[in-house]
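Asks: The residues making up each chain are set out below.
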Amino acid sequence: MSNIPSELKYTKSHEWLRVEGDGTVTVGISDHAQALLGDMVFVELPEPGTSLDAGEECAVVESVKAASDVYAPVTGEVVAANELLEDAPETINTDAYNDGWLFRIKLEDEAELKDLLDAEAYAELVTEEDH
Amino acid sequence: MSNEPLIFEHSRPGRVNRAQSAHLGGNLDGIPESLRRKQPPRLPEVSELDAVRHYTRLSQKNFSIDTHFYPLGSCTMKYNPRACNTLASLPGFLGQHPLSAERDSQGILACLWDLQEMLKEVTGMTAVSLTPMAGAQGEFAGVAMIRAYHDARGDNARTEILVPDAAHGTNPATATMCGYKVREIPTDTHGDIDIEALMAAVGPQTAGIMLTNPSTLGVFERRIHEIARIVHEAGGLLYYDGANLNAILGKVKPGDMDFDVIHMNLHKTFSTPHGGGGPGAGPVGVSERLQPFMPIPVVGRDDSGAFRWLDERDLPQTIGRLSAHMGNTGILLRAYIYALMLGREGMVRIADYATLNANYLMARLRDAGFDMALPERRATHEFILTLKHQAREPGVTAMDFAKRLLDYGFHAPTTYFPLIIPECLLIEPTETESKQTLDAFVEAMAAIQAEAEKDIETLKGAPYSLPVRRLDDVKAARKLDLRWQAEA
Amino acid sequence: MPFIPHTEDDTRAMLATCGVDSIEDLFDEIPPELRADALDGIPAGRDELAVSRLLHARAAENAQPLCFSGAGAYEHHIPAAVWEITTRGEYYSAYTPYQAEASQGTLQLLYEFQTMMAELTAMEVANASLYDGATALAEAVLMAVRANRKSKARRIFMPRTVHPRYRDVMQTIVRHQGITLELLDYNSAGGHIDPASLPAEPGDITALVIPQPNFFGVLEDADALTDWAHTHGALVIGVVNPTAMAVITPPGEWGVLDENRGADIVCGEGQPLGIPLASGGPYFGFMCCKQKIVRQMPGRIIGATVDLEGKRGYVLTLQAREQHIRRSKATSNICTNQGLMTTAATIYMTVMGPTGLERVARQCHANTRALVQRLGETDGVETLFDRPGFHERVLRLPRPAGEVLAELAERSILGGVDLAADYPELGHALLVCATETRSEADIDAYAKALAEVLG
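First to last, the sequence lines map onto chains A, B and C.
Taking my numbering, the leading residue of the first sequence gets 118, the next gets one more, and so forth.
Taking my numbering, the leading residue of the second sequence gets 2, the next gets one more, and so forth.
Taking my numbering, the leading residue of the third sequence gets 121, the next gets one more, and so forth.
To be clear, the hints were calculated from the coordinates, so they are not data collected in a lab.
Fair warning: there could be bad hints in the mix.
[As the list claims (entries may be wrong)] Partial pick of chain B residues on the chain A-facing surface, computed with a CB cut under 8 Å:
| no. | residue |
| --- | --- |
| 1 | ARG471 |
| 2 | VAL475 |
| 3 | ALA478 |
| 4 | ASP482 |
For every residue, glycine included, the Cβ atom is placed at its ideal position computed from N, Cα and C.
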């Protein structure tokens, strides 16, 4: 059973998002997603300063058997990317929700957060996909 | 088997092969120092015997058709007749410069002309261009022709290529290279295209659809005429991926299935060698409306009957050239020799016995307790076995089966393709294998199944009898080591 | 039945297992209206003896003139060991090495190949081959567009000294990607791209292509061109002849500016490395690059790793770039490459070694100089371009080259390549080449024949 922290928001494409309270949000991929992809070998991240639209492809996580696009869950400017992942992409496997974060976005419109899934809804989605 | 060092590790400074170049040399007058290389490249310095022994030993670490049964689905690993190599290697063919005059090239041109004609006949297409150098390049040529056709009619709003979700990865990759968006069409539970989804997907944006028939699921797409009608009525064209042509050679002509363009993989159906990953050849056949757009050069004849190359002067609307010369000529020649030996009866027999072997193997494996992905369907030249139950309990995956088969002396079937079938093995025996070989394969599969029920760890650790045990793909991708470096 | 082993008993037993009466029954899912008629247009099958007779006759219809043509395909001596080993069934009839444990021979060989190509070009890494030199250049252009993230223009500077057919192929392949190929004209005295002729403020350029030697056989000022490109934010794509690499500055060392030294991507035609002329193929394309952009490189790449017991082994790596995983977002649609040709090339480079390859390169250079000198003794024949060259040269004849070549052909000489269609501004121009396989007597024979034809 995968780990789905209740304080986070989620997308149907398996990103998680943490509202930091300073106008930024942190984005990563869910524990379920990392388990499906397997051992991470490479991560391509957006450069800080890049403007993203919600739903835009902005990063790639790559394992031996798959490469998967990561989509921006909300609109805004990238303010940080997790450089740790360049040398240690496996951090996503070991700690998807903390050290394995991908990038941080300065949120443009808080209303977009309402469109995201809560933990319960995401858990339901994961269960459905398993069947 | 012992570890064979890298050739660089055999190298000793100053060791040279006198036989090769002792009397060659000359000064570099006219080339200023500033343009000259300062340090020679660190190529190996070994004797001819060192080289021969090293590469012979490496060869012995390979599985190959010549040494092992290779039931690799969608790859058509049939016997490569020796005559094809020997005759294609006659000095009169090997020594020919590609820019030789046509009058000095009538021998090779005649062979290529004959091959074009035979491929036209067996596919039911109007014309054939032999120039694409592999299946993927044939696909590129085909989709580029579809695009050129729409463009020539001023029909510029077509932006999408439809591709079944079970398709080879080259299909969507090719559509992208031709500037199209890819829209996937789902497969129904019987392995056919989901017609309703297709009808919902087609429209004025549809440039065409790329189909394999028999499909990558190893079954014949029964409603092909309906699919063709739907796509054609929407103004799109039909592309036939010839990867599975072996199944229907001489039985069904793609042209009769209303395809507008097809590519053939000569290294599959026409038995040219796979060579450890090529070279292949991917000729394209076209219907009349795509003929003006064919890639060049194409072999033609002048009024006197002499053969000549057709180029942009003959085909001004061509999509252009795909290689510096005329494609993988030597591979085309091998396919031609094979086709001559088969003749018209031999071609049909390929489909007969490839289909018999696949259906027999499927029946035997089913009797041995294995699950088929599409149990109610006939196999074509290949079929899919799914290990989803074994994966759940006792927890043995398709990959484990594949690796353990190597210990039993069989190359693994294709694993994890098509992507839409869980834990699958795609099995294609080809027509050149005997009943006895197929029976031995069934016994191996049954033995592995017994091991799985008894001792799962044995499978997880396989293979044991090969030059290396299971290799660490993850380390290879994380810590890239793509070349040998001399110790500092 | 050719290549089908079934006895009648086997077939009967197999049909019984399948639960059908005849093979025909196995095709019952195919709609009857789709079934083909007999293949009347295809001849009846022949046995090996009959086919052998036909093919020997056909091979004899190909004339075998003395070859002085190059233009991307070169007649070199191929040591006998090369194809003796390459055509061993274990290489010849193996599949792509996806099952690594069953393919260590091919994989280790390709790892050695990658090392040799990287050494030859002085680049950091290489892939395991592309189709040919022309498609390799097209793929290099597509790769440059992906790798040069600072450039948004998708604009490539393409010298006219690049092989005209390579430029044709590039047009075919990159046409649908919104890429602009801007032609750079050559200096009419030198036959090269004069760095001084390049714009001082070129704007956003994605990459500059540098052929070395170029199509005319002339050596480009690669250092200055590389520095110019890097100064303007463009990547450098080298397209090089591998034999020449034994004696001239390799692309990994181009440029004098310390930062960002060397070409970024290097590609070329591998045919000179042990591949027969064979009417144009199969040959192979090669590609090398700086390691930092390796994830943008198309084609298969082999990496070293270890097995469960820590023993060295080799696998296909970075597969997530490729079409079978990445599908519509792959770096290229390439799947099958030219595996067997790289096998031959690896053995060729091994048997020749650094010394052998250098001797070949020097002999080619010397022979071409001798050829040009001898041909120039005939009245009206002049050498074009005063820049240094490697093993090809452009001559200007007093009559159309096509006519002269036809008359030489009657004397069993393939006298070079007519440049009239691609470079009409050069007049009656002919591209000639003499590799190490041409003897003094051969050169003499050509000179005498040319004197007769023009006399």
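Asks: Let me know if the C-beta of ASP482/B comes in closer than 8 Å to any C-beta of chain A, holds or violated.
Replies: violated (13 Å)
Asks: Just to be careful: measuring from the Cβ of VAL475/B to every Cβ in chain A, is the smallest value less than 8 Å?
Replies: holds (4 Å)
Asks: Could you check if ARG471/B really has its C-beta closer than 8 Å to a C-beta on chain A?
Replies: Violated: closest Cβ of chain A sits about 13 Å from ARG471/B, beyond 8 Å.
Asks: Does ALA478/B hold up as a contact with chain A if the rule is Cβ-Cβ below 8 Å?
Replies: Result: holds, 4 Å to nearest chain A Cβ.
In summary, the numbered hints that this structure violates are 1 and 4.
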